[in-house]
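J.: Protein chains in written order, with the working numbering: chain A, -6 to 401; chain B, -6 to 401.
Some hints here could point you the wrong way.
Pairs involving identical chains hold if they fit within one copy or between any two copies, as the list cannot separate such chains.
Here are the simulated SDA-like cross-link-like pairs (lysine to any residue), alpha carbons at most 20 Å apart as the crow flies [what the hints assert, rightly or not]: (1) 72 to 244; (2) 89 to 346; (3) 104 to 348.
It should be emphasised that the hints constitute simulated quantities derived from the structure, not laboratory data.
2 protein chains.
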Amino acid sequence: MAEISHVSPLAPGTFPELPEIKGARFASVAAGVKYSDRLDVMLAHLAPGTVMTGVFTKSATRSAAVLDCQEKIGVDNDKGAAILVNAGNANAFTGKNGVSATKAVTNAVAKALQLPENRVFSSSTGVIGEPLPHDRITSKLAELTNTLSEDGLASAAEAIRTTDTFSKGAYRTIFTPNGPVKIAGIAKGSGMIAPDMATMLVYIFTDGKIARPALQAMLSDLNEKTFNSITVDSDTSTSDTLLLAATGQSGVDVEGDDKFRDALHQVMLELAHLVVRDGEGATKFVEIEVTGAASSPDARTHALAIANSPLVKTAIAGEDPNWGRVVMAIGKSGAGADRDRLTIRFGDILVAEAGWVSPSYTEEAGAQYMTNETIKISVDLGLGEGLSTVWTCDLTHGYITINADYRS
Amino acid sequence: MAEISHVSPLAPGTFPELPEIKGARFASVAAGVKYSDRLDVMLAHLAPGTVMTGVFTKSATRSAAVLDCQEKIGVDNDKGAAILVNAGNANAFTGKNGVSATKAVTNAVAKALQLPENRVFSSSTGVIGEPLPHDRITSKLAELTNTLSEDGLASAAEAIRTTDTFSKGAYRTIFTPNGPVKIAGIAKGSGMIAPDMATMLVYIFTDGKIARPALQAMLSDLNEKTFNSITVDSDTSTSDTLLLAATGQSGVDVEGDDKFRDALHQVMLELAHLVVRDGEGATKFVEIEVTGAASSPDARTHALAIANSPLVKTAIAGEDPNWGRVVMAIGKSGAGADRDRLTIRFGDILVAEAGWVSPSYTEEAGAQYMTNETIKISVDLGLGEGLSTVWTCDLTHGYITINADYRS
């Protein structure tokens, strides 16, 4: 597999100081699932009373671990829970053996932590189609359970990496009349999804107190505006998983609290942006904002057509203010558009309006803007109130090198 | 703009000896629309009695010439017709000026050839958003009309090129009890479509005799299996145009003749494959065949998901038999699939079946197969009778170089 030695130029300088979440403990270990000499398995233990919610890939070829999580996620149980994640092997497209490997791992965790089997969730990320050496994981369970600690989340963020060039974490603390509530999350992903080595996995923990249906609804809704609004290469993983655990141990009821919702939104958005910033070969962070569409789904269709267009993405890589390619992407998206009502802006620069290039636009100004590391393309369709924002990166030689130049 | 000096490694050795089509005459000229010192405008004159049919891009931001063709194509008139094409400027997203530029060109041709205005069709291909210098074209009309000849089709294939690395032509002759019928066509396109410089344009001529509704129905149907079944980068042009002119001058009625239909299908398929073979940066010609889908639209959705996946295309570029990425593309397509009923073949090699890699498959055999210049990936979904075949090319550093490394 490709060994990428450099860190993404879009990486943040440091990993944040994640707060401890009461009721959530973490351990990581080097189990040699595929990699040697690095952390590759993480275990999270959630105290009794924890509410578990999640969203998962819609892929028709999703992995055994995803199918197993989906079966378990809607069930209430107050005996606690656990999450086990391995990197290096996706246990996807491995037939019946894949199902039994997932069962072997989750049942062993259930036994070790004295949890019901349907309260152990797992994820596997890495190579597709190879049998998961589950005994390498289960043989490390004693070491994992013996080292669980509330300050283990940063190591967990390291353990779940595959082709990621940096660890990804984010947190928020809100202050309420009844005390503080903390949210901390980690993510992995490098490509919106390279199925070999870059599945997106996200784990978020909070000590807020909230019932499962309310938390699941909030998570699903915010997911649309965050993780479902990023794209690196339009490809979708067989293993994408987002789990949110609420231990309730702050004692603060956050159901219906807009501040909690906002904080969760911010943590999710920050993690989603970090995944884009680690996009394979990325050199530019790109925001596409579409307004004035006939409907918001139409706006989203246009935004994703622009964000996924290889020609738009290569133009951005080449620092080329090629607004003609934006027009092309809007035209091909299939959603409603009227050429003569389009307005296109690069940053604050008015590029095109009323069906043609703006009289005030100069190629020099456009080219200067495109040298920025963060690029914003705004499109107003002039048709209605629909709007959508998505985030992506450019398409560079680095992407080809990572995905074509090395045999996996 | 990018100057690509090499010819595609997938180019055929020679341009075919296209037959003359009685009733169709061609002329080409160097008008300096954008390029200098090369043919960039072609004129076709079709004799009275010619039937014109066509299919066009569905883009919502299509060009003035396309909109003009669409208005005219459904009208019958026995006074003859003309097609004028310029390369170097797409006259797309040029507002009201674009509409009047198209009108200026087509009306001048109508006057020069004494044709009704609604019998002159035009196409423009090249840069988006720049005003078309239509006087450079109209000033050459006398030269064009004076040099019209039945053997001018090969030069026309040269004149309509933009980033194409070779001219594209194909023909078939069928023999009927009433005499021979000829079909000859030319195409341009290099990318399924780079809107700057690689719009797909196709012009096919036959001396067969057939009524417009029957010919239009045949063309639209065959278009789905040929030009609408190729993709280079999933991007769609603002200017794609396919015109088919039947002069009737063979005197042979071909309505309902399966041999004629087959021959037209072959000419269209050959031209479509030539466009893929000139795909930007292409080093592999790839056929994706999907069978056993619940329906043929489902099969097409899967086939295009595979053909458009950047991860599948980069794997092919890297000669990597990465069948996991094929599984991923099927999973993400949104059409019906059952992981455990999938069969995947690379050429004749059985790669995966029953939800896992085939016991007979070896990486060595897969890797050896991927070194071929022509790659066939077959997927059987095991669900029904739906089938679809599409053609594409790989995604290489060459594509990035063409589209990102140079300012357009």
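J.: For every hint, state whether the structure bears it out.
T.: Results for each hint:
| no. | hint | result |
| --- | --- | --- |
| 1 | 72 to 244 | within (17 Å within a copy, 86 Å between copies) |
| 2 | 89 to 346 | between (57 Å within a copy, 12 Å between copies) |
| 3 | 104 to 348 | neither (66 Å within a copy, 29 Å between copies) |
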